[in-house]
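Could you put the whole structure together from the sequences, leaning on the hints where they help?
Letter by letter, the chains look like this.
Protein chains: 2
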Amino acid sequence: MTYDPVIRVRRFNRAVTTEVGALDTSFLGRGRSLGAARVLNSIGQGQSDVAVIRDYLGLDSGLMSRLLRSLEEEGLIETLPNPQDARRRVAKLTETGRSEFHAYEALSNTRAKTFLARHSKPEELLRAMDIIATSLRRDHIVLEEKDPRHKDARYCLSEYYGELARRFEKGFEVSLSRDPNARDMIRPRGAFLVAISDGLPIGCVGLKGSGGEAAEIKRLWVAPSARGLGLAKRLMTAAELAARELSIKLLRLDTNSALPEAQQLYLRTGWNEIERFNDDPYADTFFEKRL
Amino acid sequence: MTYDPVIRVRRFNRAVTTEVGALDTSFLGRGRSLGAARVLNSIGQGQSDVAVIRDYLGLDSGLMSRLLRSLEEEGLIETLPNPQDARRRVAKLTETGRSEFHAYEALSNTRAKTFLARHSKPEELLRAMDIIATSLRRDHIVLEEKDPRHKDARYCLSEYYGELARRFEKGFEVSLSRDPNARDMIRPRGAFLVAISDGLPIGCVGLKGSGGEAAEIKRLWVAPSARGLGLAKRLMTAAELAARELSIKLLRLDTNSALPEAQQLYLRTGWNEIERFNDDPYADTFFEKRL
DNA sequence: TGAATTATCTGACTTAAGTCAGATAAAATG
DNA sequence: CATTTTATCTGACTTAAGTCAGATAATTCA
Chain C
1 MTYDPVIRVR
11 RFNRAVTTEV
21 GALDTSFLGR
31 GRSLGAARVL
41 NSIGQGQSDV
51 AVIRDYLGLD
61 SGLMSRLLRS
71 LEEEGLIETL
81 PNPQDARRRV
91 AKLTETGRSE
101 FHAYEALSNT
111 RAKTFLARHS
121 KPEELLRAMD
131 IIATSLRRDH
141 IVLEEKDPRH
151 KDARYCLSEY
161 YGELARRFEK
171 GFEVSLSRDP
181 NARDMIRPRG
191 AFLVAISDGL
201 PIGCVGLKGS
211 GGEAAEIKRL
221 WVAPSARGLG
231 LAKRLMTAAE
241 LAARELSIKL
251 LRLDTNSALP
261 EAQQLYLRTG
271 WNEIERFNDD
281 PYADTFFEKR
291 L
Chain Z
1 MTYDPVIRVR
11 RFNRAVTTEV
21 GALDTSFLGR
31 GRSLGAARVL
41 NSIGQGQSDV
51 AVIRDYLGLD
61 SGLMSRLLRS
71 LEEEGLIETL
81 PNPQDARRRV
91 AKLTETGRSE
101 FHAYEALSNT
111 RAKTFLARHS
121 KPEELLRAMD
131 IIATSLRRDH
141 IVLEEKDPRH
151 KDARYCLSEY
161 YGELARRFEK
171 GFEVSLSRDP
181 NARDMIRPRG
191 AFLVAISDGL
201 PIGCVGLKGS
211 GGEAAEIKRL
221 WVAPSARGLG
231 LAKRLMTAAE
241 LAARELSIKL
251 LRLDTNSALP
261 EAQQLYLRTG
271 WNEIERFNDD
281 PYADTFFEKR
291 L
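Line by line, the protein sequences give chains C and Z.
Here this note's numbering is used: the first residue of the first sequence is 1, the next is one more, and so on.
Here this note's numbering is used: the first residue of the second sequence is 1, the next is one more, and so on.
Take the hints with a grain of salt, since some may be wrong.
Pairs involving identical chains hold if they fit within one copy or between any two copies, as the list cannot separate such chains.
As the list claims (entries may be wrong) - In silico DMTMM-like pairs for lysine to aspartate or glutamate, Cα to Cα no more than 25 Å straight-line:
| id | residue 1 | residue 2 |
| --- | --- | --- |
| 1 | 121 | 163 |
| 2 | 233 | 273 |
| 3 | 113 | 19 |
| 4 | 233 | 254 |
| 5 | 151 | 4 |
| 6 | 113 | 4 |
| 7 | 121 | 85 |
Just so you know, the hints here were simulated from the structure itself, not pulled from any lab data.
Since the model is a prediction, treat every value here as computed from it, not as a measurement.
See below:
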């Protein structure tokens with residue numbers, strides 16, 4: 001017996017519009033209109049190009065101009081012409097502006113902490129928030145090529161290892177696996193892709209090249225909160241594209257039968273099962289694909 | 001390695017304010033201001049007392065009056081004095097108003113359905129939404145005494161049985177358990193309490209009386225999405241209060257060691273373990289509490 | 001019964017937000 | 001170089017939302 005899904009979604013919508021909506025209005029406590037606060041926050045977040053901010057916040061150019069003027073009069077920002085194109089303007093925080101921006105940040109952070117602290121299982125709550133935020137913003141997930149030693153890449157890899165340890169009967173120990181050398185997953189030999197949803201890394205895949213015409217796909221991982229959105233397929237397609245760019249003709253990969261979703265994906269996307277081609281103790285199934 | 005919780009909460013806030021916020025503005029497509037749409041919706045949901053709606057939506061009395069007038073001019077509602085108190089007014093939908101209200105409902109329902117349909121694991125998404133909505137609105141959870149045959153009670157019980165079936169090694173079959181007679185959980189013999197969060201039943205407890213001075217606590221259940229909020233304790237306290245009201249002096253209950261959270265709760269709240277007092281095949285631990 | 005309280009309404013405001021039609025100056029284009 | 005395009009700004013609007021001080025009528029209280 002399940003409760004009507006539509007009722008449950010609408011209950012969620014009501015809850016967030018009343019409660020999270022209050023967050024917006026809490027910004028009004030600092031004597032500035034919501035519009036001005038939003039512009040100040042965008043600048044504080046590192047946006048400087050006026051046109052970009054206007055576009056992001058969906059503001060009319062007249063309105064934007066006036067909001068900038070009011071922030072300038074308050075001494076929070078200064079604007080100057082863009083040196084590359086003097087028609088455009090860039091805005092940056094003054095010292096006062098920076099501290100005002102941090103006051104807004106502190107407000108948000110305190111709210112977030114309070115919300116989590118009231119729950120006795122904050123990890124559950126965060127998981128649920130990740131699922132929903134990722135799903136709501138699914139059209140804004142971007143794939144970025146990163147150094148596998150970058151913070152976001154390392155986060156994905158550590159989550160990946162943690163998941164293998166949970167799913168493999170005998171656990172997982174990276175040092176026993178064939179851990180690729182970082183340089184083999186950076187151009188020109190290979191590549192490492194991270195899927196980012198609104199700043200949070202939620203998936204990755206590595207293309208481990210050797211300089212020759214063959215390469216391996218390694219470390220395909222999608223965060224539990226991002227499953228069901230077709231992200232693994234998107235990561236694989238991007239990895240194949242990178243391989244083509246690097247003139248790679250043959251892709252191989254190894255996997256484990258404890259990860260059936262992965263095997264299904266490979267079979268559905270043109271990969272063929274082949275004989276074992278390495279001695280990785282954690283691999284028991286092997287695939288290849290010609291490009 | 002976990003990502004900064006505060007960043008994750010704030011990412012969630014951004015996602016819902018941009019995406020769910022768009023829901024609010026989508027109501028503007030019907031040529032009415034958001035304020036008027038909200039009033040119309042409140043009336044459609046069954047609120048008729050003008051003061052109650054005003055209070056719920058947090059509107060100024062002047063503004064409310066004007067919004068009602070504009071809806072009246074459109075022929076969507078009619079207002080008349082409250083027969084009990086002619087200072088107060090009640091509002092109700094006209095035939096036109098009803099169909100306009102249903103148009104708004106259809107908009108919301110379609111949005112909810114579309115959102116779920118885009119996900120390949122809607123059940124996961126709903127679970128996450130329940131967790132968050134319940135947590136956000138935790139201060140608005142109400143306990144209501146209901147007939148155990150009521151829809152909401154039956155929903156809780158079926159979820160409870162489903163959970164026992166999953167958690168007990170040998171499963172669970174209601175017919176084998178000592179299923180209480182509904183009448184024993186209705187006043188004056190007993191009571192049945194359901195916890196409701198914004199319309200969704202999320203927990204229950206039964207007080208099974210016999211007419212005498214002893215009674216049993218049965219069917220204590222809290223929805224997975226509502227765990228961590230202290231709801232079980234609140235339900236037990238309410239059940240004890242009901243027992244006192246019914247002049248019951250001794251409470252007993254049976255439970256199973258596969259439900260350790262429950263046992264911990266009983267031990268923390270003044271219950272003492274006693275000898276087996278019934279032959280329920282699913283019970284292996286027994287408690288009592290003197291009131 | 002007379003005074004105080006309460007619910008609603010009306011008119012006269014303010015404010016935030018947003019729209020729109022030029023004006024201006026810089027850059028791009030042919 | 002003249003023309004067109006682009007980014008921003010300014011002034012003159014509109015609209016939704018909300019505030020505030022009475023006015024009015026019904027109800028409650030002493």
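Hint check:
no.: 1; hint: 121 <-> 163; in the structure: both (20 Å within a copy, 20 Å between copies)
no.: 2; hint: 233 <-> 273; in the structure: within (18 Å within a copy, 55 Å between copies)
no.: 3; hint: 113 <-> 19; in the structure: both (15 Å within a copy, 23 Å between copies)
no.: 4; hint: 233 <-> 254; in the structure: within (17 Å within a copy, 50 Å between copies)
no.: 5; hint: 151 <-> 4; in the structure: between (42 Å within a copy, 13 Å between copies)
no.: 6; hint: 113 <-> 4; in the structure: between (32 Å within a copy, 11 Å between copies)
no.: 7; hint: 121 <-> 85; in the structure: neither (52 Å within a copy, 48 Å between copies)
Figure legend: structure checked against the earlier numbered hints; the only hint not met is number 7.
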